[in-house]
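Number of protein chains: 2
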Amino acid sequence: MIVETQCARFDSLALEGGASLSSVEAAYETYGELNADRSNAILITHAFTGEAHAAGISHETGKPGWWDNMIGPGKAFDTDRYFVICSNALGGCQGTTGPGSINPATGAPYAMSFPVITIRDMVHLQKMLIDQLGIERLLCVAGGSMGGMQALEWAVSYPEVVRCVIPIATTWRHSAQQIAFNEVGRQAIMADPDWCDGDYYDKKPPARGLSVARMVGHITYMSDESMREKFGRKLRQKEKFGFDFGVDFEVESYLRYRGNQFVSRFDANSYLYITKAEDYFDLTNGTGRLSDAFGRADTRFLVISFTSDWLYPSYQSQEIVRLLRRMNGDVAYCDLPSNYGHDAFLVDVAEQTEIVRGFLDSTARTAKAA
Amino acid sequence: MIVETQCARFDSLALEGGASLSSVEAAYETYGELNADRSNAILITHAFTGEAHAAGISHETGKPGWWDNMIGPGKAFDTDRYFVICSNALGGCQGTTGPGSINPATGAPYAMSFPVITIRDMVHLQKMLIDQLGIERLLCVAGGSMGGMQALEWAVSYPEVVRCVIPIATTWRHSAQQIAFNEVGRQAIMADPDWCDGDYYDKKPPARGLSVARMVGHITYMSDESMREKFGRKLRQKEKFGFDFGVDFEVESYLRYRGNQFVSRFDANSYLYITKAEDYFDLTNGTGRLSDAFGRADTRFLVISFTSDWLYPSYQSQEIVRLLRRMNGDVAYCDLPSNYGHDAFLVDVAEQTEIVRGFLDSTARTAKAA
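Just so you know, the sequences run in chain order A and B. According to the working numbering, the first sequence holds residues 27 to 396 in order. According to the working numbering, the second sequence holds residues 27 to 396 in order.
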């Protein structure tokens, strides 16, 4: 399945913070065919550093999509049955308007003049894309981590537009610890003199700061157990310790590699804006009353968490589930056993596949019967 | 109790890595009185960024010691009964020889020409200090975190010199995740151009890199729950989000404050050397056979962990305890309930006090009877 990223254009987008953007672009891909009554569309929302290329092999790069193990013929999001859409999030750096985009008012990159955005703004842009594609109602919005926040926000902002949502490994509001890890990443980037207050687009990017930020991220995506299994105390290339500050351990080598690799594909300012959107995320707008947020929702929910995920721990999913149950909502929940930590939704997909497939099938049948 | 830091001097110290240091100094403090038969001495070993000033009020700074709630008259380490010693660890920056010390061969600071040191080297220097103080046998070596590693190393390197050890919130070998967090801190420091390959002693220190490293540390010292209780999503000074990159949340403000504050009291190169010593720490020297390490030990053990400590999780203490039990060793173990995470051994000391007091008392009585 060779796929190409497409681009939708919009004149303007009003933002939750009060600002507005003009000439907004959204990069997206689609997989499968939209059926005649336009009832089989599924929107996939990506995590922090994801992109529109979720499945198939990219025409441009030859690389598989980030959720190719979940999206395709016969897979959880079965492209023989469903029309699957994935768009790069607002604020990103892979085709959708973000801080690295050209500000039409100045002809130069926005950099830090880009307005602070929210998860709701991301969802708003996705809704405009869905409208442009002529889809009145989505069968499902599904995603993990920040993608799960967007799925939840869809159920709150556009409950009449989405039959079901599948928030995975996520939370209904960012916690102090989650904010803290994001803040460390931001400070690492801003501490890099190459960041230049965000104006580095015609110079070298703040590679070392961004790399440190990514290293912290990678630790939080894995579990203590998966790191022990994958690396333990294995040494890199030596019989003994080097007794110097070169790489001694495999885990050091892995983190440095992943940090450096990330710099070539991700924009440091997007890192700042997207982490800020996550930190602002609170479905209840600070009231703490989840019931108000979901008050209007008759959407079906499938909530999934993973036992070893300590970045978005299961209890945060369970708070959503308990609330929806108290409201007599239609909610299924699975706390899947996995050692992979937060990464589980990307890599440990066997059981997740069965659960998602069954849930989508029953939602599609219910929709047809209605 | 006004206390003064003292300094012991030694001609040389041979290191595990093969190098040796000349003109080594060790800063230390003592509390209480050594009894006539010199049988009541307890060595306290400090955590990563600790110092010799463990108890009482410093004559120099007017500040209480870092474990003043555990050491003093009537406290867990009762200075009415015991003679308590605490020395700044080798490689540190608060009086003991470290990378910021003057290399007598050159007259300039060692900086990165300082040899890589190990936990065993730290313990070796402590043994030389104990010898100089005329103490043949310690009643106890006790400490938390890296202090716990030193306590365990004492039991392995000098079993005949220590009647009991109290390793708290620690591990018998640094895990991949523990190494990973340390490596992020090191990379943050080394990414700071002010680090200058360690040669910053006559210039400004790598303050931003060191601050980022400390921020990561602070997250790992607290628990998800204690951060939620202390900060939650509380905003700093605003009714609403700032929609900018200033401080929005209390937790951001706290981390920035703690990061900046740390720079004034800690040397970045010491951060590098001491984290490296932690990462090299493996009581079994890579064999994984704990029984070999403890083969000669007839020392009594009191092992303490805390339920919410995810940096040095309880299972790591339990591995030590299980091994010692299998060897028919004299080992007591408590997994204390606490929400404070790794910081618990410093702040949540009520139950810890009772347990330590009883254990020391029974050890002292056993010693007298023998």
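By construction, these hints were calculated from the structure, which means they are not laboratory data. What you are looking at is a predicted structure, and each value in this text was computed from that prediction instead of being measured. Take these hints with a grain of salt, some might be off.
Each pair may be met inside one copy or between any two copies, as identical chains are not told apart.
What the hints assert, rightly or not - Straight-line distance between alpha carbons at most 20 Å, and here's what the computed SDA-like set of lysine to any residue pairs gives:
#, residue 1, residue 2
1, Lys229, Thr379
2, Lys264, Gly44
3, Lys260, Asp270
4, Lys230, Asp220
Evaluation of the provided hints:
When the C-alpha separation of Lys229 and Thr379 is checked against a cutoff of 20 Å, the pair qualifies neither within a copy, at 44 Å, nor between copies, at 57 Å. Proximity of Lys264 and Gly44 under a CA criterion of 20 Å is satisfied inter-copy only: 17 Å between copies versus 56 Å inside one chain copy. With identical chains, the CA atoms of Lys260 and Asp270 are at most 20 Å apart within one copy only, with a shortest distance of 17 Å there and 43 Å across copies. Taking the shortest Cα distances, Lys230 and Asp220 sit within 20 Å of each other both inside one copy (7 Å) and across copies (18 Å).
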